[in-house]
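Peer 1: In order, the protein sequence lines correspond to chains A and B.
In terms of full-length UniProt numbering, the first sequence opens at residue 1 and continues consecutively.
In terms of full-length UniProt numbering, the second sequence opens at residue 1 and continues consecutively.
Worth double-checking, as some hints may not be accurate.
Covered by chain B, per the in silico footprint, the following chain A stretches (three or more residues, Cβ under 8 Å) [stated by the list, open to error]:
| # | segment |
| --- | --- |
| 1 | 80-88 |
| 2 | 97-106 |
| 3 | 128-139 |
Cβ-to-Cβ under 10 Å is the rule here; a few derived chain B residues that face chain A [what the hints assert, rightly or not]:
| # | residue |
| --- | --- |
| 4 | PHE154 |
| 5 | THR155 |
| 6 | PRO156 |
| 7 | ALA163 |
| 8 | PHE166 |
| 9 | ASP227 |
With beta-carbon atoms standing in for the labels, derived distance ranges [stated by the list, open to error]:
| # | chain 1 | residue 1 | chain 2 | residue 2 | range |
| --- | --- | --- | --- | --- | --- |
| 10 | B | ARG87 | A | LEU93 | 22 to 32 Å |
| 11 | B | HIS88 | A | GLY20 | 14 to 24 Å |
| 12 | A | TYR160 | B | THR8 | 46 to 56 Å |
What the hints contain is simulated information worked out from the structure, not anything from laboratory work.
Just so it is clear, CB atoms sit at the ideal spot from N, CA and C, and this is done for glycine as well.
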Amino acid sequence: MTITSHEKLLEVDGVTVRFGGLVALHDVGLSIRPGTVVGVIGPNGAGKTTLFNVVCGFLRPDEGELRWKGRPLRKHRPDQLAGLGIARTLQGLGLFGGLTVLENVMTGAGRLARTGALASLLGTGRAARDERELRARSEDVLAELDIAHVADLLPGALPYGVRKRVALARALVAEPELLLLDEPASGLSTAEMDELATRITSLSEKTAVVLVEHHMDLVMRVCDEVVVLDFGEVIATGPPDVVRVDPAVADAYLGTAPEEQPSA
Amino acid sequence: MTTFVNLTLGGLSSGAVYAALGLSLVIIYRATRVVNFAQPALALISSYLAYSVTKGTGSYWLGFVAAIVAGTLLGVVVERLIIRPLRHAGELSAIIATLGLLLLLQAVAGMIWSNEPHAFAYAFDFRGRFSPSDLFAVLAVVVAATGVLLLFKFTPLGLRLRATAFNPEVAKLVGVRVGAMLTVGWGLAAGVGSLAGLLATPPFIFPTVLDEVFVYALTAAVLGGLDNPLGTIVGGLVLGIGLSYVSGLLGAELVPLAALAILVAVLAVRPSGLFGRATARRV
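If we strip away everything but chain A, and leave its shape as in the complex, we get (with noise of 0.2 Å):
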């Protein structure tokens, strides 16, 4: 394990969490290499907010340990993160309404701002600059997702597909090494889903993608490997096709039709 773990992004390694009684993540380990894309499946209520929620700092394990690039990650805040170059969206989107969309992915880049806050405030030359490539740099992600036309309105007056957009063009403007995707497809009209695939599928080559998703249709395409969780434990990992015919799997998520889920 340790041999290997510097070719690894991100590792979870015997994670527990525990809310007063309820055990809401219980073992869970799992490891995401570069250029990877990783689906965390399971019923509701298996505990895949939780493990987000761990990931990115807001809930401190109460065993386990998180290793980042081989390195331990302890007490990590959530603005640490992008820092260390990892982005992730947001179940409920989290776009600030009150900043257009250009403004939204731009704050999404900041970790490539290096200005202090005391050179912004006497607007330094060296700001200016920054705020300059800030802004070129969000306009070319914008245009990538084709929602370049939209970069001056308010997210608020935006259909919902075009708003996942803009929050996933603020998640991939700081270029991160991983990409955390909390339900991606929520809410998205299947032709919006095809496309979603396709992007996935293409950002994997820059980025290593860890994707939370009910559809399994999504997550059975475009993912590398599959991480099953069921009452808090990883129940099955693998590839989609092995993962699909496992027996566990189905008894406790698949059931034979894909789309419903047996009274969890």
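Let chain A serve as the given structure and place chain B on it in line with the hints.
Peer 2: Okay, now just chain B, sitting in the frame of chain A:
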């Protein structure tokens, strides 16, 4: 007609001061939902420092600069020592803490500099209608307010400050150091507040000298929508001119009453302010 012009010009310079002090309240309110009742006391302390520095060195401008710098630092210290420890205790606790700080700092000022009024110099000649001092007040506020608005709108720091104000949780996720942004916000606000204090204090300084101005500044901020910096600046100028008319045409003793009447009317009719957007409250 001359009276009208005089009243308008006179109102403009006091309105600029209300606008600046109101702006300092808005910067903090929109980031934290806390009305900083200690703002006049922070400005008071920095004005007293200006008084002491000017007295010691003989230079008004040395005192002026010292006051702005000290005021900014005071804002930073207050955020770190008083507001930050209360961040999980709710907004009301922080508001009450600022009220306590107001009383404390006014008492401390009285202990250090005595409660007796001391003469406090104007920046320039203050005689005549729209004197050089009035002009300086308007220009200083225009420069400071423009600087703040440009900072918010066009710099990466301003973007992070605004992101923090709109949604601190998400701001953290995109890598903004929210705590640091709040500290910067308090420093910035207190710096602007100190400027307002320096302009509002003359001709005499005493511990409660800024209380009345604070009421007008709060009225200006409510008029502008409390989370709208530009609205507050317009609100301050409108209020200054309006109160100047009240003073000149109806009698100076009616000014505080008129300000309170405006405050109550705005809160009753348009609680989000004349320029405020009706937005969902952060809970």
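Peer 1: Each hint needs a verdict: does it hold in this structure or not?
Peer 2: Results of checking the hints against the structure:
1. 80-88: n = 6 at 8 Å, threshold three: holds.
2. 97-106: holds (count 5)
3. 128-139: holds (count 4)
4. PHE154: holds, 6 Å
5. THR155: holds, 5 Å
6. PRO156: Hint on PRO156(B): holds, closest Cβ of chain A at ~4 Å, below 10 Å.
7. ALA163: holds, 5 Å
8. PHE166: Hint holds; PHE166(B) Cβ to chain A Cβ min 4 Å, cut 10 Å.
9. ASP227: This hint holds: ASP227(B) lies near chain A, its Cβ roughly 9 Å from the closest one there, short of 10 Å.
10. ARG87(B) to LEU93(A): 22 to 32 Å: The hinted range 22 to 32 Å holds for ARG87(B) and LEU93(A), with Cβ atoms some 25 Å apart.
11. HIS88(B) to GLY20(A): 14 to 24 Å: About 19 Å separates the Cβ atoms of HIS88(B) and GLY20(A), which means 14 to 24 Å holds.
12. TYR160(A) to THR8(B): 46 to 56 Å: Between TYR160(A) and THR8(B), where Cβ atoms are some 50 Å apart, the hint holds.
When held up to the earlier numbered hints, the structure conflicts with none and fits them all.
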